[in-house]
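Trainee: Here are the chains, one letter per residue:
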Amino acid sequence: MQQKILSVQNLTKSFVMHLQNGLQLPVMDGAGFEVFTGECVVLGGPSGAGKSTLLKMIYGNYAADAGEIIIAHGDQHTDLVTASPREILRLRQSTIGYVSQFLSAIPRVSALDLVAQVARQWGHSEEVAQEKAAKMLSQLNIPEHLWGLPPATFSGGEQQRVNIARGFMGEHKLLLLDEPTASLDAANRQVVLSLIEERKANGTAMLGIFHDADTRDKVADRVIDVTKFAVQRAA
Amino acid sequence: MSLDQDLPLLSVKNLSHFYGQHLGCKNVNFDLYPGEVLAIVGESGSGKTTLLNCLSTQIIPTDGAVFYRNRKGQSDNLYEMSEAQQRILLRTDWGFVRQHPRDGLRMNVSAGANVGERLMALGDRHYGKIRDTALDWLEKVEIQADRIDDAPRTFSGGMQQRLQIARNLVTNPRLVFMDEPTGGLDVSVQARLLDLIRRLVSELGLSIIIVTHDLAVARLLSDRIMVMKDGKVIEQGLTDQVLDDPHQAYTQLLVSSILHVGS
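Here the protein sequences come in this chain order: S and C. UniProt numbering numbers the first residue of the first sequence as 1 and each following residue consecutively. UniProt numbering numbers the first residue of the second sequence as 1 and each following residue consecutively.
Simulated from the structure, these hints should not be mistaken for lab results. No experiment lies behind these values; they were computed from the predicted model shown. Each hint should be verified, as a subset may be incorrect.
Claimed, not checked - Rough simulated footprint, nothing fancy, chain C against chain S, three-plus residues with beta-carbon under 8 angstroms:
#, segment
1, 15-29
2, 52-62
3, 85-94
Glycine included, each C-beta is placed from N, C-alpha and C at the ideal position.
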């Protein structure tokens, strides 16, 4: 049976730009939707509609002004809008994962270790973690001779794929996908699509942004049009 | 998650300090939990160093209380302890990494003695054991074993800072205060030091309160951040939230003043 993992209600967000004379930028008013286990929901709408803002609020990276973001974890429910920093950090460890191509690179840690680290955090032994990381890196076509090197020395595309590998290495119940396929070549895009399918099959709930229409059509069980949550601006 | 980790290690209540009429810091409140890294940011004169000095009992504040939960689980007001008790905390349970190595190291005694000194202060007297522990710590902070008998004045700035970290961590402290630990170092040396601190924090589960004016350092190391201005905490929260979605005018100014060089 499908379980509700994420429930967003009446979510409101505006930015106040103090350095521009307190300019108010309302971006979202009354956003509401739900995401269940085993489905991939895609946020749709033109750029500037607030897709990325919405995803960042659900990760706790942006603060909402009002409303609720209820996350189900174990038999508990936590509202991210009012959660303390510690609770948000715990949820990021236990429940909410973020897959992005762009994460701050940690210097001096090898690609293999960066990915294995995540598997270790999920309770796998050193040996299993290394195995899983190796499998993920080869799946994403990172040449084996690079595994022992820190990604800071890699090409842009290789770094992006290491970040994706890290994102999918976790076993979070809710995965936020921030354009994981953008700028990937066809072969690697296909790998990410199959990783998404795999996760879907084992019950992970996913919410993502995909600009490429073709990819979106392939992964989306539902598309939520974010423009309906946008603040109606007076003409 | 054990019950122990659900209780704050440090609990700061209405802390204020005045230098005569002049405000140092005012009405600071926060809890620090085991394993948490808290960054205090703000420009010079914002009160962040005053706050750090109050928390580490180097200054007794004009008003307020700080409760520290000791290894037995009892919570004591730091300012009601005797000076002797405060000194024991600073030597054992706590560490203090200073901006200038000369303030945190003894520059003319050997690296090994700098690390061993804190162990001896705890009553360790076995020379061979102390030396072995010192060697072990030099290795952890990436200082070659053959430098153990050299005085830190012969070390580079980055090495001195790493030695200071070893000296502080050798007693397995639970809480480490850091005052601009990467200030004044070259960027590449800084990166190495930050990387080391990051690794030690996650391996040892340390709680850290770090004062810095460098938001990149705060982002890399801390879970939570407090922004200070004119002696007051004007914004606080999850580090990436405060830096990516700052609400106060001053925080927005700080964030927008960062030079973006690479990522």
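Trainee: Each hint needs a verdict: does it hold in this structure or not?
Mentor: Now for the hints, and whether the structure bears them out:
| no. | hint | verdict |
| --- | --- | --- |
| 1 | 15-29 | holds (count 5) |
| 2 | 52-62 | holds (count 4) |
| 3 | 85-94 | holds (count 5) |
Against the hints set out earlier in the document, no violation occurs for any number.
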